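Modelling step: build the complete structure from the supplied sequences, incorporating the hints.
Counting from 3, one number per residue, gives the positions in the sequence shown under the numbering used here.
It is worth saying that the hints were derived from the structure and are not from the lab. Computed from a predicted structure; not experimentally measured. Please note that a few of the clues may not be correct.
[What the hints assert, rightly or not] Lysine-lysine pairs mimicking DSS-like chemistry, simulated, CA-CA at most 25 angstroms apart:
#1 K370 x K277
#2 K277 x K224
#3 K292 x K156
#4 K118 x K170
#5 K277 x K367
#6 K347 x K277
#7 K292 x K80
#8 K367 x K326
#9 K118 x K74
#10 K347 x K370
#11 K71 x K118
#12 K224 x K338
#13 K253 x K285
#14 K370 x K224
#15 K80 x K142
#16 K80 x K156
#17 K367 x K347
#18 K370 x K326
#19 K156 x K71
#20 K253 x K224
#21 K71 x K170
#22 K292 x K253
#23 K80 x K118
#24 K285 x K156
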Amino acid sequence: MRNPILILVLTFTLYHFAIGQLEATLTIENQHTEGTDFYFDIFLYRSSGSTNGDIYLRDADFYLSFNDKNFKNPHISKTGSSPGYCTFEPSSGNSTDNLLTAINYFDNTIASLNGKDQIVIELNGPVPSDQTAFNSTVAKINNSSSTHCLGRFKISGINNPFGTSGLKWVTTGSSLVTTVLSMENTSPFFASEISVNTVNPVDVALPIELISFNANIYQENKIQLVWQTANEFQNYGFEIEKRRGNNQWEKIGFLAGNQGQTANLYSFIDPAPSKGINFYRLKQLDVDGKFTYSQIVSVYFSNDDGLDVFPNPVSYNLFVEGTKGGFYTIVNSVGKIVLDGTIEKESIDVSELSSGIYVLLNNGKTAKFLKW
Numbered sequence: 003m004r005n006p007i008l009i010l011v012l013t014f015t016l017y018h019f020a021i022g023q024l025e026a027t028l029t030i031e032n033q034h035t036e037g038t039d040f041y042f043d044i045f046l047y048r049s050s051g052s053t054n055g056d057i058y059l060r061d062a063d064f065y066l067s068f069n070d071k072n073f074k075n076p077h078i079s080k081t082g083s084s085p086g087y088c089t090f091e092p093s094s095g096n097s098t099d100n101l102l103t104a105i106n107y108f109d110n111t112i113a114s115l116n117g118k119d120q121i122v123i124e125l126n127g128p129v130p131s132d133q134t135a136f137n138s139t140v141a142k143i144n145n146s147s148s149t150h151c152l153g154r155f156k157i158s159g160i161n162n163p164f165g166t167s168g169l170k171w172v173t174t175g176s177s178l179v180t181t182v183l184s185m186e187n188t189s190p191f192f193a194s195e196i197s198v199n200t201v202n203p204v205d206v207a208l209p210i211e212l213i214s215f216n217a218n219i220y221q222e223n224k225i226q227l228v229w230q231t232a233n234e235f236q237n238y239g240f241e242i243e244k245r246r247g248n249n250q251w252e253k254i255g256f257l258a259g260n261q262g263q264t265a266n267l268y269s270f271i272d273p274a275p276s277k278g279i280n281f282y283r284l285k286q287l288d289v290d291g292k293f294t295y296s297q298i299v300s301v302y303f304s305n306d307d308g309l310d311v312f313p314n315p316v317s318y319n320l321f322v323e324g325t326k327g328g329f330y331t332i333v334n335s336v337g338k339i340v341l342d343g344t345i346e347k348e349s350i351d352v353s354e355l356s357s358g359i360y361v362l363l364n365n366g367k368t369a370k371f372l373k374w
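In structure tokens:
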């Protein structure tokens, strides 16, 4: 009777030794800001050798610290409706199982703050009853990096545009440290803590703070856009975009950023607004190529000359409203006639014109447009 007991004990001990050789590497990716919200994704991958097998994720506690002083009343939450950004998949390879597994892990992940400067993300993984349930519900984490995403998380309340996120893994110190449990892939599916390797992300500057953005009529026949920023760390500049009649946005200008940490005021003139409501937005570009859009502003422009053209800006055919046809001329910004003819289908082909500002004259009426 002693030998079987001894065998069982040895088997259990050897199993824990083997699973202890498993190592998960945790990374933070896709850090970005939107307004006063800071976003980041958590990824896992197996960094131990293939001889130890893959990770079959059970429970986990992820602890991170951040610069809470750069936030006002910070709040942490998951992003998106279930399954959110979770990309976990089980070993079955079935598409339905993939979706249900991602949903299950997303729904059983809880994000909260522990004190002021520590994030706690608690995962309560599945407990399979048999091999079929294991194969269809337990996330399999292999050695592919940037693949196995637990989800996207949001910290709300940025209030210091001069600061950084300061996001870092907590792996040492108190008992509240990051831990990951992996299951054995056969019944009874014992779970045990595995080694954890963490990679701290590059510290990210908090966003360009856009204090205001307005559009107004300027000198009776133009529209002026004015915006103010409070901080421009790593700001490359602003593309100014205008919405055309087909609801497509088009770049109409660019202003370089100051990249300072003081308030800056910007102004841009649209020399050829369209009759009716004109819509504008800013595309703020970082030096690393990332970008964010501002809110949309609008202003109504009335063309008292009674002649309207669209789209404006235009690339190919310029359509004319308020005309009875007849002869037309187009002059450039120095008054030189660059095109003339007869309006026949309420449109004029301006594709051969160089980029610039032009004035259309027809039956004593005028309209200014921008060739792009």
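Okay, the hints, checked on the actual structure:
Distance restraint check for K370 and K277: the Cα-Cα separation of roughly 10 angstroms lies within the 25 angstroms cut-off, and the hinted pair is therefore satisfied. In summary, the hint linking K277 to K224 is supported, as the alpha carbons are separated by about 11 angstroms, within the 25 angstroms threshold. A distance of roughly 18 angstroms separates the Cα atoms of K292 and K156; the hinted pair therefore holds under the 25 angstroms criterion. Under the criterion of a C-alpha separation no larger than 25 angstroms, the hint pairing K118 with K170 is consistent with the structure, at around 14 angstroms.
A distance of roughly 14 angstroms separates the Cα atoms of K277 and K367; the hinted pair therefore holds under the 25 angstroms criterion. Simply put, K347 and K277 have alpha-carbon atoms about 20 angstroms apart, close enough for the 25 angstroms limit, and the pair holds. A C-alpha spacing of about 22 angstroms is found between K292 and K80, which places the hinted pair at or below 25 angstroms, so the restraint holds. For a cut-off of 25 angstroms, the pair hint linking K367 to K326 stands: about 11 angstroms separates their Cα positions.
With a CA separation close to 10 angstroms, the supplied pair K118 and K74 stays within the 25 angstroms bound. The suggested pairing of K347 with K370 holds, with an alpha-carbon distance near 19 angstroms, which does not exceed 25 angstroms. As the CA atoms of K71 and K118 are separated by approximately 9 angstroms, the hinted pair is consistent with the 25 angstroms bound. For the hint linking K224 to K338, the alpha-carbon distance of about 21 angstroms falls within 25 angstroms, and the restraint holds.
Our distance criterion of 25 angstroms between C-alpha atoms is met by K253 and K285, whose separation comes to about 9 angstroms. The suggested pairing of K370 with K224 holds, with an alpha-carbon distance near 10 angstroms, which does not exceed 25 angstroms. Between the alpha carbons of K80 and K142 the distance comes to roughly 22 angstroms, so the proposed pair stays at or under 25 angstroms and holds. Of the supplied pair hints, the one linking K80 and K156 holds, its CA atoms being roughly 6 angstroms apart against a limit of 25 angstroms.
The hinted pair formed by K367 and K347 meets the criterion: a straight-line CA distance of about 18 angstroms does not exceed 25 angstroms. Distance restraint check for K370 and K326: the Cα-Cα separation of roughly 18 angstroms lies within the 25 angstroms cut-off, and the hinted pair is therefore satisfied. Under the criterion of a C-alpha separation no larger than 25 angstroms, the hint pairing K156 with K71 is consistent with the structure, at around 16 angstroms. Between the alpha carbons of K253 and K224 the distance comes to roughly 17 angstroms, so the proposed pair stays at or under 25 angstroms and holds.
Our distance criterion of 25 angstroms between C-alpha atoms is met by K71 and K170, whose separation comes to about 15 angstroms. Of the supplied pair hints, the one linking K292 and K253 holds, its CA atoms being roughly 17 angstroms apart against a limit of 25 angstroms. Pair hint K80 plus K118 holds up; C-alpha atoms about 18 angstroms apart against a cutoff of 25 angstroms. Between the alpha carbons of K285 and K156 the distance comes to roughly 22 angstroms, so the proposed pair stays at or under 25 angstroms and holds.
In this structure, every one of the numbered hints holds.
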